Structure formats: structure tokens, C-alpha cells
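K.L.:
Put the two chains together into one complex; each comes in its own frame, and the hints tell you how they fit.
Protein chains in written order, with this note's numbering: chain A, 1 to 250; chain B, 1 to 168.
If you're looking for bench data, these hints aren't it; they were derived computationally from the structure. Here the structure is a predicted model, which means the values were calculated and not measured. By construction, the Cβ of each residue, glycine as well, lies at the ideal position given by its N, Cα and C atoms. There could be a bad hint or two in this list.
[Said to hold, decoys possible] Derived Cβ-Cβ restraints for the label pairs, each shown as a range: (1) Ser20/A / Ser100/B: 29 to 39 Å; (2) Asp3/B / Leu114/A: 50 to 60 Å; (3) Gly123/B / Lys204/A: 56 to 66 Å; (4) Arg24/A / Asp156/B: 25 to 35 Å.
[To be verified] Sample of chain A residues with no beta-carbon within 12 Å of chain B, all distances over it, derived: (5) Met1; (6) Gly32; (7) Gln60.
[As the list claims (entries may be wrong)] Chain B stretches covered by chain A per the calculated footprint, using a threshold of three residues with CB under 8 Å from any CB of chain A: (8) 5-17; (9) 33-44; (10) 60-72.
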Amino acid sequence: MISMPPSERDLHAYVDHQLSDADRQLLEIFLGNNPEVAAQVQAWQQDAQHLRAALGGALQQPANPELDPAMIRQRLKRQSRRHLASAAVLLIAVSVGGFSGWQAREMTLINTSLPMSDALQAYRLIAQQDLLPADYQVSEDGDMQDWLDRYFTRANRLPDLSGAGYKAVTGRLLSTDQGPAAMVIYENQGGQKISFYVRPPGPKNFLLPRGSRSDGGLQAEYWSGSGYNYAMVSPADTPAAHLLKQTVQF
Amino acid sequence: MNDIDEKLREIIPGLRRFALSLARNPSSADDLVQSCLERALSSWGSKRADGDLRAWLFSILYRQFLDAHRRHRRYARMLDFFTGRDDAQPSVERTVIAQSTLDAFDQLPTEQRALLLWVSVEGLSYKEVAAILDVPIGTVMSRLSRARQALRQLSDGEINRPSLRRLK
Numbered sequence: 001m002i003s004m005p006p007s008e009r010d011l012h013a014y015v016d017h018q019l020s021d022a023d024r025q026l027l028e029i030f031l032g033n034n035p036e037v038a039a040q041v042q043a044w045q046q047d048a049q050h051l052r053a054a055l056g057g058a059l060q061q062p063a064n065p066e067l068d069p070a071m072i073r074q075r076l077k078r079q080s081r082r083h084l085a086s087a088a089v090l091l092i093a094v095s096v097g098g099f100s101g102w103q104a105r106e107m108t109l110i111n112t113s114l115p116m117s118d119a120l121q122a123y124r125l126i127a128q129q130d131l132l133p134a135d136y137q138v139s140e141d142g143d144m145q146d147w148l149d150r151y152f153t154r155a156n157r158l159p160d161l162s163g164a165g166y167k168a169v170t171g172r173l174l175s176t177d178q179g180p181a182a183m184v185i186y187e188n189q190g191g192q193k194i195s196f197y198v199r200p201p202g203p204k205n206f207l208l209p210r211g212s213r214s215d216g217g218l219q220a221e222y223w224s225g226s227g228y229n230y231a232m233v234s235p236a237d238t239p240a241a242h243l244l245k246q247t248v249q250f
Numbered sequence: 001m002n003d004i005d006e007k008l009r010e011i012i013p014g015l016r017r018f019a020l021s022l023a024r025n026p027s028s029a030d031d032l033v034q035s036c037l038e039r040a041l042s043s044w045g046s047k048r049a050d051g052d053l054r055a056w057l058f059s060i061l062y063r064q065f066l067d068a069h070r071r072h073r074r075y076a077r078m079l080d081f082f083t084g085r086d087d088a089q090p091s092v093e094r095t096v097i098a099q100s101t102l103d104a105f106d107q108l109p110t111e112q113r114a115l116l117l118w119v120s121v122e123g124l125s126y127k128e129v130a131a132i133l134d135v136p137i138g139t140v141m142s143r144l145s146r147a148r149q150a151l152r153q154l155s156d157g158e159i160n161r162p163s164l165r166r167l168k
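Only chain B is shown next, with the shape it has when bound in the complex (with noise of 0.2 Å):
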């Protein structure tokens, strides 16, 4: 148990920032992780697959973060609904100029800031990020292809950058 305990403890680190990186508030990002690691905790053994501790981990905290969103998803639409007005600011044209990297993977959709956390960041393999999302290799592939495209344009301003042509 000692030993479980230890391993978990190397993990916990990159389990909050990926929490981090997904809700984008450390104390909510925090609960992510507590629920994760008593869920983890709790069906240890009977549920665990065989291969990577730490991607089983991100798979659970992944599907919590999901769930949690749709939840509050469809708390936020009632808001709406009966509120008769839309609150929240418009996110679905996002007009920041991403200043770095970082700003432009914040702009970025759960999935692909997910995906580029595992990949590029954590290391994962296709293989491992497939299970967690539970799709074919060469979709992860294709996905992630996206999103290095989306990554790309947001951080070199493209998408933002106001179509100047000079008119002859």
C-alpha cells in the first residue's frame, strides 16, 4: 500500500496540472484531483487496466472534468433560460490575440489542450492517449494533427490577424 502510495505521490503533480490546464482554477482543479484520486483509490484492483498508472489517472480525471462540464453545461443553460439573457461573454469568436504559446493553448478546445498535454508535454504515447479516449490510433492522429494546426495559428495570430489586403 506504501508503494502504491509512493507512486501515486510522484503523480500527483502532473495529475494537477493537467487539472490545471483544464479547469483553469487552481482550487477547482484541486477538487478534480481529489475526486479522481478517491475514485482511483476506491476501484483499485477491480477496475485498474494493465499499463501506465499515470495514464489510467489522466483517464479518470478526464472523464470527471467532462462530466462535471456537461453538468454544469446544462446548470448554466437553465441560468439562461430563465434569466431570459446570456450572462456569459462571448467565447465562441474569440477575439484575443494570443501573446505566446500559452495564451493561445488557454484559447484552445478541452479536448486539444488535453491532447497536446498528453502528447507533447507529458510524453504519452498514441497508443496509451487511445485508450484514454477510447478511439483508434489514427484518430488520436488526426486529432492531434488538429490541433497542432489550431495551436499554430492561434499562437502566430493568424486567425485574429485583420484581413489588411491592400486594395489596388
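Excised from the complex, chain A in its bound form (with noise of 0.2 Å):
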């Protein structure tokens, strides 16, 4: 039951139709008598027309196929398998057990230490899965370097990979452990990507000797300067990662 005179809420669940037909009937007739509440009322009355009309048109948007239940049923089963499929290694690993187990655990309790594996997981995050859309997109050649000075400005100078065909393209801010880092995509012509990463060197002020390693398909060479640590990714065994490999300094 509402209250009279109707409470402001009471006003409000008129419009939305939510009283029951009694109060309904109350709240009309106490309209009847009271002008001013009743052009307030509908006032409110017409803005949610008015709502409903504008937004009426968002309704009929063209269909999208990727929003199709049976197609997303779809891919979160190929999701599963792949999850599945991952749970399987980890299986295997746990299985072998013993020593050799534990030896395992090393290696994993190691990877993560190794140098800039951030820049490896920035690559496959970014340049390979594409799960992070760019800040920065290139549209004139040097952009790139200013673009880049903004957040690091005496940072070293991105390479110049055009003799090997490949251009900076895109940028991207990440945030790491580290600090704030930066990573520039360079692309050739066939769609392949290296990756330019530099952070800083961290509260341990880590710095690193020129060096190379691969882990999971990819290539890092990484090095310290100017007071930044960096690194080059690319996918291991290409023609990108041997000439990356061969330069000494960058």
C-alpha cells in the first residue's frame, strides 16, 4: 500500500508500472488534484518514452555471426581442448616423478628468473596471440622513435631492421614487475614480427651482459644500456632471428 500524499519512490513505481492496480488508482486520482506533481510525473513518463524511442534503433543492429550461441557452444569447446591438452603435459611432467620430477621443478623455479622473460611472454601476448590491441600505430616513418621517447627518452635507439625488410609498426605501454615498459613491433612484408622491449632495470638495478637464449619457439637477444635493460624477440630458427643473433651491438 502506498502512502498519501504518495512518497516520491511511490511516484517513481507509477511509472514503472510497478503498483499494484489499487495504488494505481489512488495515485491517479491524488494526480487528478495535484498539478504540479502530475507534470512532474509525467515528465519522467516522457523521458522514458523518449528512451525508448531513441534506443529503438540499437535493437536492430545487423546480426553478428561470432554472437551466435551454437557458434560460441563451439569455440568454448575447442577452448577446453586446448586446456586439456595443456593439463596433459603437466601431467606427464608430475608423473615422471622422483627426481627427475623435482629436477623439473627446477627448471620451471629457474625459467621465471631468466633474463627478460617478460619480453617473451609481452611477444606472445601481443604479437602472437593478440590479446592486447596496440596504443600506438605508425603512420609515418621516425614516428615510432618519438613515440617512444615520450616514455623513454634516453633510452637507446630502435634499430633499424629496414635493410631486412622489416618496419616498426605498432607500440604498446605495458606495466611489469620491473616498471613501466614499452614494445615495439616491427613487421616485414609476409606478416612476420620482431619485437623491441625495453624497461627498466628494476630496484636491483639487474643489468645484463649481451646475451641470447630461446625458450618455447622463441629468441631473445637481449642487453643493457643507458640505463635500461632490453631485449629482441622473434620466432626461433627464422632468417629474423639469426640476423638479430649476429648483431653484436644494437
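P.N.:
See below:
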């Protein structure tokens, strides 16, 4: 039951058709005798009508097949199969057991502290899986260096890989345990990608000698300079990877 | 299963509209709908509360939007932090005069947009909205009341009307 005179809540409930028939009638009588309140209620009703009309068009968008439930079910199934596959790998590693199992554990522990693992991880997320959108897209030559200079003023210059057919195309900023990082992606005509990754050496000022390592199909070349750590990542065993490996000084 | 899919297909246009009103950009809106449906289909049965399917989906989508929004804000703050400047347009002081109810609606904060869409456009009950937001019905009603006042003021341009009171 509503109170008389009706509270503001009752008025809203009236606008939203959430009153019982009895209450609705009571309120309509009240509105008939109180034109000021009635005008207020009518304004709300009008706003709601306008909103319904204005948003009606958004219901008529052309269908997006990606959103069809059958399609989404399929995708979910594929994903869970992928998860199953990686779970199987884990299971094998664990069931080897005993000493070698322990060794495997040690290996994974070391793995996390290998130099510039974050650069490899970023390459996987951004260049391979396309999970994070770019912050910056090059429109003219030289733009990428300007973009990078906004964040890392004293850092080494971006290497020129145009001789090998690679051009810097997109940039992305990331936050890491060691501080803010930037990654620039180079691409060649064939869509193959090399990344340039720069970040501070971290609180322990962990600087790196020029080095190279490969990990999960990727190869990272890393070094330090001008107070930052750098890595260049590419798929292992490709011409690009050989090129990077041979470059002593970036 | 086909039964469920049929029901979902009926709701999808409404979900897309809701997502659009939150994200304001059709492609991110559809991304939102897609991840909402993925979440819904993978937790079907286990988590689905009894009651309106539509309200349940709205609540999943809304939470996902808020999460993404928070992440985005954190990221934007990080950018500001290291550029030392704020590239974003001033949005706190809304200086645009609403030309229509829709313009006014677009200027409202996220929760008010969601509330008005659920109640005024989709016709959800206060009880359903309370369940989505996980607040008491009374709270829904007072927030709705504030949202309506804000919409009213913005569409009248009251907030922006210059205070040119005639000086005597």
C-alpha cells in the first residue's frame, strides 16, 4: 500500500508500472488533484518514452554471427580441448616423478628468473595471440621513435631493420614488476614479427651482458644500455632470429 | 540445448543494446556481449540463479563491463603517470548541452545509464534490478530517483544554463 500523499518512490513505481491496481487508482486520483506533481510525473514518463524511442534503433543492428550461441559453444569446446592438452603436458611432467620430477620443478623455478622473460611473455601476448591492442600505430617513418621518446627519453635508439625488410609498425606500453615497459613491433611484408622491448632494470638494478636465449619457440636477444634493459624477440630458427643473433651491438 | 540457444537468440539484441549503452562503441559492445555469453554458457546450471534469464545475463555483462572499465582506468592512470600529462578530454565537468534525451542519457554515469535502461527501456522489475546490483530494493529506488532527476536536468539543460540572472 502506498502512503498519502505518495512518496517520491511511489511516484517512480507508478511511472514504472510497479504498483498494484488499487494503488495505481489511488495515485491517479491524487495526480488529478495535484497538477504540479502530475507535471513532474509526466516529465519522467516522457523521458522514459523518449529513451525507449531513441534506443529502439539499437535493437535493429545487423546480426553478428560471432555472437550466435552455437558458435560460442563451439569456441568454448575448442578452448577446453586446448586446456585439456596443456593439462596433459603438466600431468606427464608430474608423473615422471622422483628425481627427474624434482629437476623439472627446479627448471621451472629457474625459468621464471631467466633474463627478460617478460619480453618473451609480452611477445606471446601481443605479437602472437593479439590479446592486447596497440597503443600506437605508425603513420610515418620516424614516428615510432618519437612515440618511444615520450616515455623513455634516454633509451637506446630503435634499431633500423629496414635492410632485412622489417618496419616498426605498432607500440604498446606495459606495466611489469620491474617498472613500466614499452614494446615496439616490427613487421615485414610477410607479416612476420620482431619485437623491441625496453624497461628499467628494476629495483635491484639488474643489468645484463649481451646475451641470447631461446624459450618455447621464441628467441630473445638481450642487453643493457643507458640505464635500461632491452630485448629483441622473434620466432626461433627464422632468418630474422639469425640476423638478430649476429648483431653484436644494437 | 537448442531450446536454450533459441531463448538466448531472442535476448541477444537487447544485450547488444545494453552493451552499446555502456561501451558506446559497437565493436567493444559486441566483444562484451561475446564474453558475457561465453561466461553464461560455461557456467550454465552451476551458477545460474532461478529467475529471469535476461536479468541474469544483464548482470554478467554489467560486471564484466565494470571489471574491464576498472582495468582500463588503472592503465590510463599509468599512462598519465609516465607521460606526466593528461591527454584525455575534460569529462568531469560536462560542458555539452544535451540536444535530446539520448544526449542527456549518454552523459550520465555508468550505473545511472544501466538503471534507466533496465527499468525504463527493458522493463525489469525493481526486484530484478536489486538482484543484479546486489543491493536492497529501497536502494534501487533511491538510485533510480537520482538517475531520473539527473536525466531530467540534463535534458532541460538546467545544469548548463548560464546563470544570467538579471541584475538590478
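K.L.:
Each of the hints needs a verdict: does it hold here or not?
P.N.:
Hint-by-hint comparison with the structure:
1. Ser20/A / Ser100/B: 29 to 39 Å: 34 Å, holds
2. Asp3/B / Leu114/A: 50 to 60 Å: The hinted range 50 to 60 Å holds for aspartate 3/B and leucine 114/A, with Cβ atoms some 52 Å apart.
3. Gly123/B / Lys204/A: 56 to 66 Å: 59 Å Cβ-Cβ, so the 56 to 66 Å window holds.
4. Arg24/A / Asp156/B: 25 to 35 Å: Holds - the Cβ-Cβ distance for arginine 24/A and aspartate 156/B, about 27 Å, lies within 25 to 35 Å.
5. Met1: Per Cβ check, methionine 1/A is outside 12 Å of chain B; nearest 16 Å; holds.
6. Gly32: 22 Å, holds
7. Gln60: Non-interface label fails for glutamine 60/A: nearest chain B Cβ at 8 Å, not farther than 12 Å.
8. 5-17: holds (count 8)
9. 33-44: n = 6 at 8 Å, threshold three: holds.
10. 60-72: Violated: only 0 residues of the region 60-72 of chain B have a Cβ under 8 Å from chain A.
The structure fails to meet hints 7, 10 from the earlier list, while all remaining hints are met.
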